[in-house]
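Protein chains in written order, with the numbering used here: chain A, 1 to 183; chain B, 1 to 183.
Do not rely on the hints blindly, as some may be mistaken.
Each pair may be met inside one copy or between any two copies, as identical chains are not told apart.
[Claimed, not checked] Below, in silico cross-link-like pairs of lysine-lysine (DSSO-like), each with a Cα-Cα straight-line distance of 27 Å or less:
(1) Lys56 <-> Lys7
(2) Lys34 <-> Lys18
(3) Lys21 <-> Lys87
(4) Lys37 <-> Lys183
(5) Lys34 <-> Lys87
(6) Lys181 <-> Lys56
(7) Lys181 <-> Lys87
(8) Lys7 <-> Lys87
(9) Lys21 <-> Lys34
(10) Lys181 <-> Lys7
(11) Lys34 <-> Lys181
(12) Lys181 <-> Lys91
(13) Lys7 <-> Lys91
(14) Lys18 <-> Lys91
(15) Lys37 <-> Lys18
(16) Lys181 <-> Lys18
(17) Lys7 <-> Lys34
(18) Lys21 <-> Lys37
(19) Lys183 <-> Lys7
(20) Lys183 <-> Lys56
(21) Lys148 <-> Lys183
These are computed hints drawn from the structure, not numbers from a lab.
There are 2 protein chains.
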Amino acid sequence: MSVSSWKREHFEEGPDLKLFKTRFDFMNNPRNGKTEKMIILESVDSVNVIARTPEKEIIFVRQYRFGIGVETLELPGGLVDRGEEAKGAGKRELEEETAYTGAQWVSLGKIASNPVFMDSYIHHYFADGVQPDGQQQLDDGEMVEVVKIPEDEVYQLFLEGAFHHPHAVNALLRYFVHMQKIK
Amino acid sequence: MSVSSWKREHFEEGPDLKLFKTRFDFMNNPRNGKTEKMIILESVDSVNVIARTPEKEIIFVRQYRFGIGVETLELPGGLVDRGEEAKGAGKRELEEETAYTGAQWVSLGKIASNPVFMDSYIHHYFADGVQPDGQQQLDDGEMVEVVKIPEDEVYQLFLEGAFHHPHAVNALLRYFVHMQKIK
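With the rest of the complex left out, here is chain A:
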């Protein structure tokens, strides 16, 4: 019996949480025949970007994160608008958050935001040779400090576990694998 043979018996819409719509799926467990109510957070995908200057510095954004109540150093990024492509969202978010724009864009793959209870993915991009020639345009709910860190130092911070966001860690991993720094 495959672990995928769960049956969704029915579902109910849950409350709207601004960042998410919610849904309750009533899933029948093939192992024991019992039905369990599972919460799903529905949202658009998101994107984050490894943006590197010609001087081999990577652009980070320092922000206050309300979930854990601390400042984090994260990659630029954000939500993919409806109808937008992930790469386009990456370019837009990079410029809006940091004013940097870049010519060379490479996909570094994607990962589930959280496969347990979210239906979305985060897409990773590498933007090489970025320049601060765009226009910063923050949302009302954003305040960011743009920080450039030499990529060797980023690698050390990565090894030390200095990054607090699992999505930033995965993007950095994909980047260092892409660059064959990790092999």
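Here the structure of chain A is known, so what remains is to put chain B in place on it, guided by the hints.
Using the frame of chain A, we list chain B on its own:
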């Protein structure tokens, strides 16, 4: 002006979502004086475990994940019960999900579940020399297939981006750094 100087003006309790309590924080942005409503999902912490047999195989659990509707290969783990320590939760979850128990436990650190909108952390442990001498005891909402993979193969899968859960990726990263496979 520090990016941490946001003020929480007030908060409201949101709906109860079974896996989470929700809270709306009304945060005043120091950059523009505007107040934005932010959703926070409140929950207990969780834990995942790199459990290695004496034959240098790592124990994974194959499960169907409702969020993305696919089977994933993940590390054993789960929620830390109220009043429980993270390591105790790791030992309990490893045994309940896989029947493996182990003598040597090392902390591999923790990371925020999602610092943007969650208040919890996931703690990572390395359990070395595990043996299948315990008792599997799955929750009603679980169905898992236990899979042993030689650690060299795990490393290749890790490099290829085969793991779908960012928390599993971070635990594996901390493990390979700990083992000086990545340095």
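Query raised in the report: Which numbered hints does this structure break?
Result: 1, 4, 5, 8, 10, 11, 13, 16 and 19
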